[in-house]
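There are 4 protein chains.
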Amino acid sequence: MAEIGIVGLGRMGANIARRLMRAGHRCIVWDRDDAAIAAVVAGGASGAADLAGLVAALAAPRAVWVMLPHGAPTEQAIAELGDLLSPGDVAIDGGNTHWKDDIRRAAALRAKGLHYLDIGTSGGVWGLERGYCLMIGGEAEPVARLAPIFAALAPGRGGIPATPRREGRAPNVEEGWLHCGGHGAGHLVKMVHNGIEYGMMQALAEGLDLLRAADSKDLPEEHRIAVDIADVAEVWRRGSVVTSWLLDLTAAALAEDPALAKYSGTVGDSGEGRWTVQQAVETAVSAPVLTAALFARFASRDEGRFAGKALSAMRHGFGGHLEPKKG
Amino acid sequence: MAEIGIVGLGRMGANIARRLMRAGHRCIVWDRDDAAIAAVVAGGASGAADLAGLVAALAAPRAVWVMLPHGAPTEQAIAELGDLLSPGDVAIDGGNTHWKDDIRRAAALRAKGLHYLDIGTSGGVWGLERGYCLMIGGEAEPVARLAPIFAALAPGRGGIPATPRREGRAPNVEEGWLHCGGHGAGHLVKMVHNGIEYGMMQALAEGLDLLRAADSKDLPEEHRIAVDIADVAEVWRRGSVVTSWLLDLTAAALAEDPALAKYSGTVGDSGEGRWTVQQAVETAVSAPVLTAALFARFASRDEGRFAGKALSAMRHGFGGHLEPKKG
Amino acid sequence: MAEIGIVGLGRMGANIARRLMRAGHRCIVWDRDDAAIAAVVAGGASGAADLAGLVAALAAPRAVWVMLPHGAPTEQAIAELGDLLSPGDVAIDGGNTHWKDDIRRAAALRAKGLHYLDIGTSGGVWGLERGYCLMIGGEAEPVARLAPIFAALAPGRGGIPATPRREGRAPNVEEGWLHCGGHGAGHLVKMVHNGIEYGMMQALAEGLDLLRAADSKDLPEEHRIAVDIADVAEVWRRGSVVTSWLLDLTAAALAEDPALAKYSGTVGDSGEGRWTVQQAVETAVSAPVLTAALFARFASRDEGRFAGKALSAMRHGFGGHLEPKKG
Amino acid sequence: MAEIGIVGLGRMGANIARRLMRAGHRCIVWDRDDAAIAAVVAGGASGAADLAGLVAALAAPRAVWVMLPHGAPTEQAIAELGDLLSPGDVAIDGGNTHWKDDIRRAAALRAKGLHYLDIGTSGGVWGLERGYCLMIGGEAEPVARLAPIFAALAPGRGGIPATPRREGRAPNVEEGWLHCGGHGAGHLVKMVHNGIEYGMMQALAEGLDLLRAADSKDLPEEHRIAVDIADVAEVWRRGSVVTSWLLDLTAAALAEDPALAKYSGTVGDSGEGRWTVQQAVETAVSAPVLTAALFARFASRDEGRFAGKALSAMRHGFGGHLEPKKG
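Chains as they are written, first to last, in my numbering: chain W, 487 to 813; chain X, 487 to 813; chain G, 487 to 813; chain B, 487 to 813.
Hints are not guaranteed to be accurate.
Identical copies go unnamed one by one, so any copy, or any two together, can satisfy a pair.
With a straight-line Cα cutoff of 30 Å, these simulated DSBU-like cross-link-like pairs (lysine-lysine) come out [to be verified]: (1) Lys598 / Lys748; (2) Lys748 / Lys703; (3) Lys598 / Lys586; (4) Lys703 / Lys586; (5) Lys748 / Lys586.
I should point out that these hints are in silico values taken from the structure, not numbers from a laboratory.
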């Protein structure tokens with residue numbers, strides 16, 4: 487059995503520790519919130535008093551998995567690990583970091599004889615039970631050393647049919663973890679994964695919106711069609727081309743409330759959707775769907791509607807139209 | 487001097503009559519609203535009691551310009567003219583009609599020996615003074631016969647520099663009226679014109695929105711840039727690549743109120759923007775800008791935000807995110 | 487056991503017959519191609535000499551499933567069935583028809599005492615083994631009567647986990663067939679399904695293209711990242727948010743050839759992707775992702791590149807740029 | 487009369503010098519290409535042997551306008567000027583630089599007592615005759631000092647009608663030059679200008695493409711409409727809503743050759759179109775039109791068509807479609 491340090495015990499970090507311990511691995515954990523530590527220690531982990539304590543509690547060669555909000559918290563933790571770890575140890579960023587930052591950090595750690603792995607971790611709140619899809623960037627040696635850890639976190643083959651013609655390829659890929667390439671490759675693949683996720687989500691959302699609008703009172707009576715959107719989402723789960731986990735989740739939400747009334751209709755976005763569009767711009771790749779998905783979220787939060795006002799001002803200017811002010 | 491009947495005395499129809507009368511042409515006018523007739527008669531037109539009376543007051547070969555809201559009102563007026571006019575007469579639809587309807591109507595009128603012209607008329611509330619850009623579809627003979635009418639309505643050369651290398655091309659084009667082609671060609675060209683108009687408007691609106699957001703409180707202090715958007719629009723009117731009439735109108739609106747506070751931010755759309763997208767779909771032409779411009783207007787009016795709710799439901803499903811309800 | 491007539495024995499029609507016969511149902515089949523009939527008869531069906539013969543071979547109340555290319559072939563077959571069938575019989579269009587055509591046809595058949603069902607059928611070449619997702623529009627009575635047929639064609643529950651909170655809802659939905667609503671509802675739901683399919687496919691394609699481009703020779707050496715796209719698609723099948731049948735198919739294609747060299751890069755489209763965009767325009771729903779996906783296919787086939795030439799002409803005009811002609 | 491140093495005598499720099507000299511200003515010029523210097527000296531400028539010589543030839547407080555390709559050449563010239571200039575002097579970047587770089591540079595120069603202005607310069611090859619639209623960022627003092635220079639470069643009021651309600655606003659804006667705000671504001675405004683330019687260009691290009699396709703041989707004969715696109719562009723120049731300089735240029739190109747045969751259809755892009763999209767992403771502004779315009783250019787250059795191949799592979803997977811390889 488292996489041991490690993492885990493820094494950051496939010497929902498993701500805590501569940502990663504739990505899944506590892508279920509598989510028999512030993513976890514030394516730390517979080518700035520003592521209650522978070524206590525909750526994971528109750529599940530069998532050893533708690534550390536601080537980062538230095540966590541490092542001290544691990545036997546060399548050490549592995550420390552940082553699972554913190556992206557930006558300053560992660561940056562600082564990796565920098566501190568750079569001072570605390572010893573040559574041959576490996577610092578892991580399992581959170582959401584831009585791959586260019588990974589390349590920069592890896593070079594800084596390499597100068598101290600340390601390894602660095604960037605791991606895109608997909609699975610969300612379901613990962614504890616379903617397993618995490620792991621997209622790993624960095625040197626081959628620490629990846630090989632940590633294979634038991636990755637195997638424990640990944641979903642495994644489960645009931646998913648094998649893809650034909652994969653003979654001769656690394657079997658761990660089919661278990662749900664992949665050494666994608668050099669530094670940054672893990673987070674690059676995770677970034678693109680999230681971009682695709684945005685696009686697929688928006689495709690589903692637009693389709694459901696079309697079904698809703700098909701019964702609009704503005705349509706001629708003979709062309710209004712009412713469908714039960716919850717049932718539609720459910721039937722598509724069987725044998726259709728759009729079967730997907732996102733559809734499963736959508737069907738579950740619609741089964742609870744077809745009007746989705748508890749949601750506001752404004753939608754947030756995380757860094758990776760934005761980075762994906764910036765990647766498209768930087769590499770001159772046309773990515774209209776991934777971008778439209780991001781912009782739909784921006785538009786959902788546009789309270790000031792200045793662009794719309796500018797359009798109305800132009801229409802007023804040339805046509806005398808004055809859009810009605812809302813009551 | 488020529489004479490013409492004008493049916494429909496809204497802002498467009500009344501101003502068309504006025505511009506023709508300024509040029510010395512004779513107008514017989516009718517509208518279902520007596521006050522509208524009286525206003526144009528006060529400017530020198532002859533009023534008719536009904537459509538039959540208007541037709542009777544014209545000498546053959548007659549020309550009757552219908553300037554009514556698109557759809558049923560225009561359809562009915564053209565049908566009635568089909569019964570009232572005599573062979574060799576010409577019925578004109580100067581409004582906003584889908585070009586496929588023009589082709590259908592022209593065939594019906596042709597069977598009765600009547601001509602039909604579809605005329606896309608651009609110029610809006612400014613047309614009376616600035617002149618109307620006329621895009622004409624139909625047979626050559628009635629177009630030639632009505633050239634004096636078109637010349638009076640069109641803006642003329644004005645101060646606009648001539649385009650090089652147009653030697654040998656019809657001079658009327660440079661005066662602002664064009665026989666575009668057969669039936670439907672006038673409204674097709676006007677439809678595409680309006681599609682482009684949507685795209686250009688949205689391009690300007692997005693640009694202004696970017697300038698507004700460049701001073702957002704969400705940005706790091708050192709990267710916030712405040713600009714006076716009214717002055718920016720004004721300076722672009724001189725020597726920049728985006729000089730355009732739409733920019734002139736935008737600059738005027740921003741000079742009045744840089745916040746454009748009298749506009750709601752929700753934006754309507756007319757048939758032609760939609761038809762343009764449908765034309766793109768039918769002819770397999772990629773038209774992402776024209777379509778994005780239309781969808782931005784749809785989104786500005788989306789009160790129910792069902793698509794956004796669906797996105798939030800999916801995010802909640804896989805990540806436990808719950809978007810904040812608006813207060 | 488039930489019996490049904492099947493008209494049109496292409497890949498879809500023939501496999502539908504086979505799947506029904508496997509479940510013990512009796513099929514009377516016809517196709518204009520005798521060899522197609524013979525192939526299905528070899529599997530146990532009864533062949534008819536023509537449409538009238540097929541109708542005559544069925545006991546009342548009859549059900550005839552038409553599975554022909556959309557447009558004229560289907561239109562004609564339904565019209566002929568309108569003459570051949572008897573009151574209480576049901577004509578089924580299982581192909582790809584616009585829902586407005588369904589509404590029109592249903593009214594015409596109803597006047598003769600006949601039923602009509604529009605059935606969106608998803609499943610493609612995999613349907614024989616995997617089952618077909620059936621989206622059904624029309625009257626309740628013939629739907630209830632044909633439930634055994636639909637149950638045989640649908641995939642059934644399989645290994646797919648049940649959606650929580652569906653207690654009290656019709657169980658057949660979870661087996662993969664849904665009575666969506668009145669006439670046209672089946673094909674409307676199938677149309678939107680295909681629109682979503684286009685969007686999801688394009689999201690995946692753009693993501694893979696970004697991974698390809700991440701190793702572009704145009705990038706600075708330190709920012710080039712090479713990943714094995716076939717392995718990435720495979721790992722995403724386990725535990726990631728984008729797990730989907732389309733991803734399964736993509737992983738299989740990439741496992742065979744990561745360069746996808748046997749495909750040209752030009753992509754066709756069927757009616758339903760276009761109809762979905764037209765539906766969005768008609769119902770004023772912003773659908774940027776579904777539309778971008780369609781336009782990407784149009785653009786992939788744009789040999790003349792006239793829009794690009796127009797852009798270059800403008801750039802040449804204001805900036806003196808002359809885009810290089812391709813050799 | 488004022489004097490100014492000009493570094494970089496490509497088309498833009500040389501014409502700026504010429505336009506200034508026409509207005510009576512004195513120009514000291516330098517370029518790494520002696521022939522470029524000689525050509526401008528022949529028009530009345532004084533040539534310098536190197537950057538130090540150029541600085542030495544100017545009287546304090548000096549102004550040096552750098553007009554070089556963006557990136558390293560400009561960066562290096564500004565850095566050298568930082569060493570050569572004296573407190574109170576001003577270094578000007580009139581090229582295309584990202585506004586964040588301006589903020590960085592200005593801080594570095596300020597530490598040496600130097601001023602820095604970022605000037606977005608629009609006008610292209612037409613600027614010499616038509617004047618340049620100047621968008622200026624930086625401190626107020628050097629802007630005021632250089633007002634005669636800006637007035638000479640700007641187009642002036644010309645025949646363009648005044649915008650109503652601008653009373654009390656700075657008159658120079660109506661002459662075509664604007665002090666937009668602090669450091670970076672000039673290039674920010676120019677960046678957004680170029681983004682709008684991309685959007686407007688694409689709107690026009692898509693519209694023309696729709697007109698081209700309206701006569702496609704794939705359409706039913708009765709729905710084919712042939713129009714003369716060169717005449718359409720010309721007539722839109724008079725009285726239509728889309729009148730614009732870009733339309734003027736388009737009409738000129740189409741008058742020369744309606745097929746635009748000398749252009750390849752692949753379209754390049756410059757940094758500012760990309761930066762505009764990145765700005766939208768960073769400031770959470772939905773900018774679908776500006777982005778679609780950029781992506782259309784990317785797509786026009788996509789030789790490998792990997793995204794299209796991925797779509798075809800999926801279609802093949804679920805439907806058995808095999809897209810035809812191009813011959």
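Here is what the structure says about each hint:
In the homo-oligomer, the alpha carbons of Lys598 and Lys748 never lie at most 30 Å apart, since the shortest distance is 51 Å inside one protomer and 47 Å across protomers. Within a single copy, Lys748 and Lys703 get their C-alpha atoms as close as 24 Å, and across copies as close as 29 Å, so both meet the 30 Å cut-off. Taking the closest pair of Cα atoms, Lys598 and Lys586 come within 30 Å of each other only inside a single copy of the chain (19 Å); across copies the shortest separation is 33 Å, beyond that limit. Proximity of Lys703 and Lys586 under a CA criterion of 30 Å is satisfied inter-copy only: 17 Å between copies versus 51 Å inside one chain copy.
Taking identical chains as interchangeable, the C-alpha atoms of Lys748 and Lys586 are never at most 30 Å apart, the minima being 38 Å within one chain and 34 Å between chains.
Checked against the numbered hints listed earlier, the structure breaks hints 1, 5; every other hint is satisfied.
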